[in-house]
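*Asks:* Residues per chain are reported as follows:
Number of protein chains: 2
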Amino acid sequence: MSESPPTHAAPMPKVLAFDVFGTVVDWYGSIVREVSERRLPVDPGQFAIAWRAGYRPAMARVRSGELGWTKIDDLHRMILDDILVKFGLDDMPEADRRDLNLAWHRLDPWPDAVEGLRRLRTKFTICTLSNGNLGLLADMAKRAGLPWDLILSAEVFRHYKPDPEAYLGVCDVFDVGPSDMMLVAAHQDDLAAARACGCRAAYVERRHEFGPTLPKDVSPDPANDFHATDFLDLARQLGC
Amino acid sequence: MSESPPTHAAPMPKVLAFDVFGTVVDWYGSIVREVSERRLPVDPGQFAIAWRAGYRPAMARVRSGELGWTKIDDLHRMILDDILVKFGLDDMPEADRRDLNLAWHRLDPWPDAVEGLRRLRTKFTICTLSNGNLGLLADMAKRAGLPWDLILSAEVFRHYKPDPEAYLGVCDVFDVGPSDMMLVAAHQDDLAAARACGCRAAYVERRHEFGPTLPKDVSPDPANDFHATDFLDLARQLGC
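Heads up: the sequence lines are chains A and B, in that order. Mapping the first sequence onto this note's numbering, position 177 (from 1) lands on 177, and the numbers just tick up by one. Mapping the second sequence onto this note's numbering, position 235 (from 1) lands on 235, and the numbers just tick up by one.
The hints are simulated quantities; they were obtained by calculation from the structure and are not laboratory data. Any given hint could be a false lead.
Heads up, simulated SDA-like pairs for lysine to any residue below, C-alpha to C-alpha not over 20 Å straight-line [to be verified]:
{"#": "1", "chain 1": "B", "residue 1": "Lys14", "chain 2": "A", "residue 2": "Arg98"}
{"#": "2", "chain 1": "A", "residue 1": "Lys142", "chain 2": "B", "residue 2": "Glu115"}
{"#": "3", "chain 1": "A", "residue 1": "Lys86", "chain 2": "A", "residue 2": "Gly54"}
{"#": "4", "chain 1": "A", "residue 1": "Lys14", "chain 2": "B", "residue 2": "Asp73"}
{"#": "5", "chain 1": "B", "residue 1": "Lys123", "chain 2": "A", "residue 2": "Pro147"}
{"#": "6", "chain 1": "A", "residue 1": "Lys142", "chain 2": "A", "residue 2": "Trp110"}
{"#": "7", "chain 1": "A", "residue 1": "Lys14", "chain 2": "B", "residue 2": "Lys142"}
{"#": "8", "chain 1": "A", "residue 1": "Lys14", "chain 2": "B", "residue 2": "His105"}
{"#": "9", "chain 1": "A", "residue 1": "Lys142", "chain 2": "B", "residue 2": "Asp172"}
{"#": "10", "chain 1": "A", "residue 1": "Lys142", "chain 2": "B", "residue 2": "Arg121"}
If you want the ones that stay clear, here's a sample from chain B, every Cβ over 10 Å from chain A, calculated [as the list claims (entries may be wrong)]:
{"#": "11", "residue": "Gly54"}
{"#": "12", "residue": "Phe87"}
{"#": "13", "residue": "Arg97"}
{"#": "14", "residue": "Pro222"}
{"#": "15", "residue": "Asp233"}
Selected chain A positions facing chain B (Cβ under 8 Å, derived; list incomplete) [as the list claims (entries may be wrong)]:
{"#": "16", "residue": "Thr125"}
{"#": "17", "residue": "Gly135"}
{"#": "18", "residue": "Ala138"}
{"#": "19", "residue": "Leu150"}
{"#": "20", "residue": "Ile151"}
Think of the CB as a built atom: it goes at the ideal place given N, C-alpha and C, for glycine as much as any other residue.
Could you put the whole structure together from the sequences, leaning on the hints where they help?
*Replies:* Okay, here's the thing in structure tokens:
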């Protein structure tokens, strides 16, 4: 998509809400790092992919009402216990499981993320809108130096994305209309759900979200308001 | 209270949760500033005291269930509309009322607050636990440079302090036991409610919370774990 679509003539949004896993931080590379540091006898990349693959089905059980409200920390732990069996690591002690599960609190940002956010923050209110729980996001932000104005989570709204309550919840927190909020994400389905609520949408390419050997389709969708190669490019397009 | 009560031998808490209005920021001086800047024909100090005086009764209506969940922004506005009549300013236009109501988003920190928080943050997870709403607290933090690890509010828990759900909600967010959380506040009733939940308590003197002419009783209560003259003193006592 061009850098000057018609929607750019619309007033700028006031609030940028960022998806986090994959958009701000590199979950794949970070889980590979954590697994490698422990010298677990598994392929770290396959382990990371398997752990992440359990994420949507687990959230779907909460979204459908099959499970009551359950934090991502607890969903990550349920998935971990499951994949440890599949990877032949079911003798891992409890303390090690607890520590490994906290790997999701220690995800590293993409190289452009901190500087990009710092620039965007000069002109916009920047917040998270993540399915990750508040404690996880706070630990991650402190470790990585992510300069959020506010950490928001599905945990606040008791609804996981893509439920509309999550996107509209951000608007309610800041007392703005949907068109004053723009979701920034590396996932087209997340952006489509935000647009369906009347919010604006900025796609960010994270070609290697699933690792260096599985490049993702990062084709533009003309329905989005912006398409950026990274946060520095987004900042430039938004005049920061 | 002495600086070395028996409880100091207990393990340090992990999370410091801060009351905000009066403890971190000077609501009295800031509302006086906002009213004075507008040259309203009222005594700015009396106006500030009257506005704040409506706060507890308004929250009590929410806590009792008489009012459904209502943000502080909306409670502040209800009180403002009420006191404008009492102060003979009921001809104030809607746009001016909206802007004046946002004065609570622009409260100034006490002089020691930013530096004290910066020090405390090196050793503890620091968060707010305020009855102020998230948008208010985020605007305040950005304007004043308050370096929170996480902004938490009664709005997240849908319970105003001193309901136990607020204090225990902080513990749940960080997945810690009550004794790992310490409330820092300039109000003994807030601290007493936290202690009743098993949390720890640090009192901070804010002698001039109600203005220079109405000094507050800042006597120590031996039931608290710490008693500090300001945040720098608290940081020193906590080894930061």
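*Asks:* All the hints need checking, so say for each whether the structure fits it.
*Replies:* Hint by hint, here is what the structure shows:
1. B:Lys14 to A:Arg98: Holds: B:Lys14 and A:Arg98 sit about 18 Å apart, inside 20 Å.
2. A:Lys142 to B:Glu115: Answer holds: A:Lys142 to B:Glu115 is near 17 Å, not above 20 Å.
3. A:Lys86 to A:Gly54: Status holds; Cα separation ~13 Å.
4. A:Lys14 to B:Asp73: Holds, because 19 Å separates the two Cα atoms, which is no more than 20 Å.
5. B:Lys123 to A:Pro147: Holds: B:Lys123 and A:Pro147 sit about 19 Å apart, inside 20 Å.
6. A:Lys142 to A:Trp110: The hint holds at about 15 Å.
7. A:Lys14 to B:Lys142: holds, 14 Å
8. A:Lys14 to B:His105: holds, 16 Å
9. A:Lys142 to B:Asp172: holds, 19 Å
10. A:Lys142 to B:Arg121: With a Cα-Cα distance of about 10 Å, the restraint between A:Lys142 and B:Arg121 holds, given a limit of 20 Å.
11. Gly54: holds, 20 Å
12. Phe87: Answer for B:Phe87: holds, closest chain A Cβ roughly 25 Å.
13. Arg97: Its Cβ never comes within 10 Å of chain A, the nearest being 14 Å, so this holds.
14. Pro222: holds, 32 Å
15. Asp233: Holds: least Cβ distance 24 Å, greater than 10 Å.
16. Thr125: holds, 7 Å
17. Gly135: holds, 5 Å
18. Ala138: Given a least distance of 4 Å, the restraint on A:Ala138 holds.
19. Leu150: holds, 4 Å
20. Ile151: Holds: closest Cβ of chain B sits about 6 Å from A:Ile151, inside 8 Å.
Violated hints: none; the structure is consistent with every hint.
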